[in-house]
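Protein sequence lines, in the order shown, are assigned to chains A and B. Using the working numbering, read the first sequence as starting at 1068 and increasing by one per residue. Using the working numbering, read the second sequence as starting at 42 and increasing by one per residue.
Just to be clear, a hint being listed does not mean it is correct.
[To be verified] According to the in silico footprint, chain A covers these stretches of chain B (three or more CB under 8 Å from chain A):
1. 58-64
2. 77-90
3. 296-306
I should point out that these hints are in silico values taken from the structure, not numbers from a laboratory. A virtual CB, placed ideally from N, CA and C, is assigned to each residue, including glycine.
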Amino acid sequence: MSRRRNSARRAGQGTGIGVGLATLYLSLLVLLPLGAVAWKAQSGGLAHAWGQVTAPQPWAALKMTLAVSVVVTLINVITGTLIAWVLVRDDFAGKRAVELLIDLPFALPTIVAGLVLLSLYGPTSPLHVDIAFTRLAIGLALLFVTLPFVVRTVQPVLMELDRDMESAAALLGASGLAVVRRVVLPNLLPAMLTGAGLAFGRAIGEFGSVSLLSGNLPFHTEVSAVNIYNQIQSDNPVGAAAQSTMLLAIAAVVLLALGLYRRRASRG
Amino acid sequence: MVSIEVPAVAAQKTPTRGKYLLRVVALGYLALLLLLPMALLCYRAFGHGLGALWSSFTTSEARSAVVVTLIVAGCAVALNTVFGVGAAILLVRRSFPGRRILDVLVDIPQAVSPIVVGLALILVYGKFGIVGGWLERHGIQLIFSLPGIVLATAFVSLPLVVRAVAPVLAELGDEQEQAARTLGASAWHTFRRVTLPSIRDALVYGVVLALARSLGEYGAVTVVSGRVVGKTLTMTLLIDDRLQNFDQQAAYSMAVLLALLAVGALLISRRLQSRARRLV
Chain A
1068 MSRRRNSARR AGQGTGIGVG LATLYLSLLV LLPLGAVAWK AQSGGLAHAW
1118 GQVTAPQPWA ALKMTLAVSV VVTLINVITG TLIAWVLVRD DFAGKRAVEL
1168 LIDLPFALPT IVAGLVLLSL YGPTSPLHVD IAFTRLAIGL ALLFVTLPFV
1218 VRTVQPVLME LDRDMESAAA LLGASGLAVV RRVVLPNLLP AMLTGAGLAF
1268 GRAIGEFGSV SLLSGNLPFH TEVSAVNIYN QIQSDNPVGA AAQSTMLLAI
1318 AAVVLLALGL YRRRASRG
Chain B
42 MVSIEVPAVA AQKTPTRGKY LLRVVALGYL ALLLLLPMAL LCYRAFGHGL
92 GALWSSFTTS EARSAVVVTL IVAGCAVALN TVFGVGAAIL LVRRSFPGRR
142 ILDVLVDIPQ AVSPIVVGLA LILVYGKFGI VGGWLERHGI QLIFSLPGIV
192 LATAFVSLPL VVRAVAPVLA ELGDEQEQAA RTLGASAWHT FRRVTLPSIR
242 DALVYGVVLA LARSLGEYGA VTVVSGRVVG KTLTMTLLID DRLQNFDQQA
292 AYSMAVLLAL LAVGALLISR RLQSRARRLV
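Chain A with its partners taken away, still in its complex shape:
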């Protein structure tokens, strides 16, 4: 199938112009601006850029952002797989509504997500749970916006998963837990890791949902994206660019590792 499609691809009429226009659009909108960020970051020398990243406040923000993102990603792997399992293997009234609900964080504007969480878990909470301006609030906001990633990567794999394998293991005397651990989880692992990588990449750069809920207290609840914003506002573009380059580099490394892993996994 893929051979046929490959041979169908041809250097048709107008390809050159099309590629030129697409490249121009991408360059003006994405590549040139991102290049400018890296360029600005090193404009005072690499040592200066590193000094900007490791200055006390940005460094504290970066470390906290990465730590919270790791925790959020781990929680996502567990809850996301669990939700995917329930959606695929269980059946209950209102399942279709839940299916729709899962995608809501993708469609909902981040500022609305922040406001929504603030109203339930903030100072005016009807549940009397006030976690506003704490690191817990940052974790909650990140859990909200990254919820769909693991669910949506694990769910299709779980649907395709051959249940005969589980049945065979169960017939051979494996307990329910052993079947999950030895048969189901190894099959889901690539999808779980992909979802985790995507969720982590999203979490480290999140701004809108976090900024309302976290209070942005320096050295405590200021995440990297908010720190960059504050540096732009206080007219320190080099510092903002250095921190941005750091975030871009981390995201690139995660995505690259994920790509390599997937290529290895698909080769078997």
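Dock chain B against the given chain A, drawing on the hints supplied.
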């Protein structure tokens, strides 16, 4: 035949209590994280009656924010639709050096923090940027005005149309297009009469996703907007503006409007997605 009997045995062995436990945990988590907060948002927005809700939409700031947002989203989605269809055709149908690289580049915007998007655009198109400085000398201001917001919005929603159209285009194959061309149809005619109708659902799906993303963008826009009330304040920025002015009702009203738009987009896209899949 045996394979039909076996799952039945396994199903009997599955403890139902564990199943219920999983269900309760999963649904409970979703309720606390998603459903309850959304319900409370609706309660707070509608709490003071429909009159209060409506009057917060009829203020001049609210109306201009809606207009600004619609203009920005319209422009960004139009740009990305043209680029998206073109790029999808190039990536799927054509061979050229650097095709793989273009394929990777298209996905970059999704991995970039919205704040970094804003900073990146300021550095190039701002007053002190390479392009922006030159434009400024010719009396054109991009950043802190509408065009800058369009750029930021187009940046973040760039991959959505391409990624919706490309897989459907690949599944369809090009036999029909080839046939049309052989029968003497021009490239444009073939595109309009053969390609476009067959990717219509996928295209609308991509456009709806891009529109939802564009209407709701906050981080990238907040950096490049300058927040001039009545001029560059979008709906998401207005929510923040109203909160800072302790005007909760206006903030909740705008938030509930955006949430409804998001749910609408989800419903439409879900329908289109399943229809597009069935056709393939």
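A quick look at each hint next to the structure:
| no. | hint | verdict |
| --- | --- | --- |
| 1 | 58-64 | holds (count 4) |
| 2 | 77-90 | holds (count 6) |
| 3 | 296-306 | holds (count 6) |
Figure legend: structure checked against the earlier numbered hints; every hint is met.
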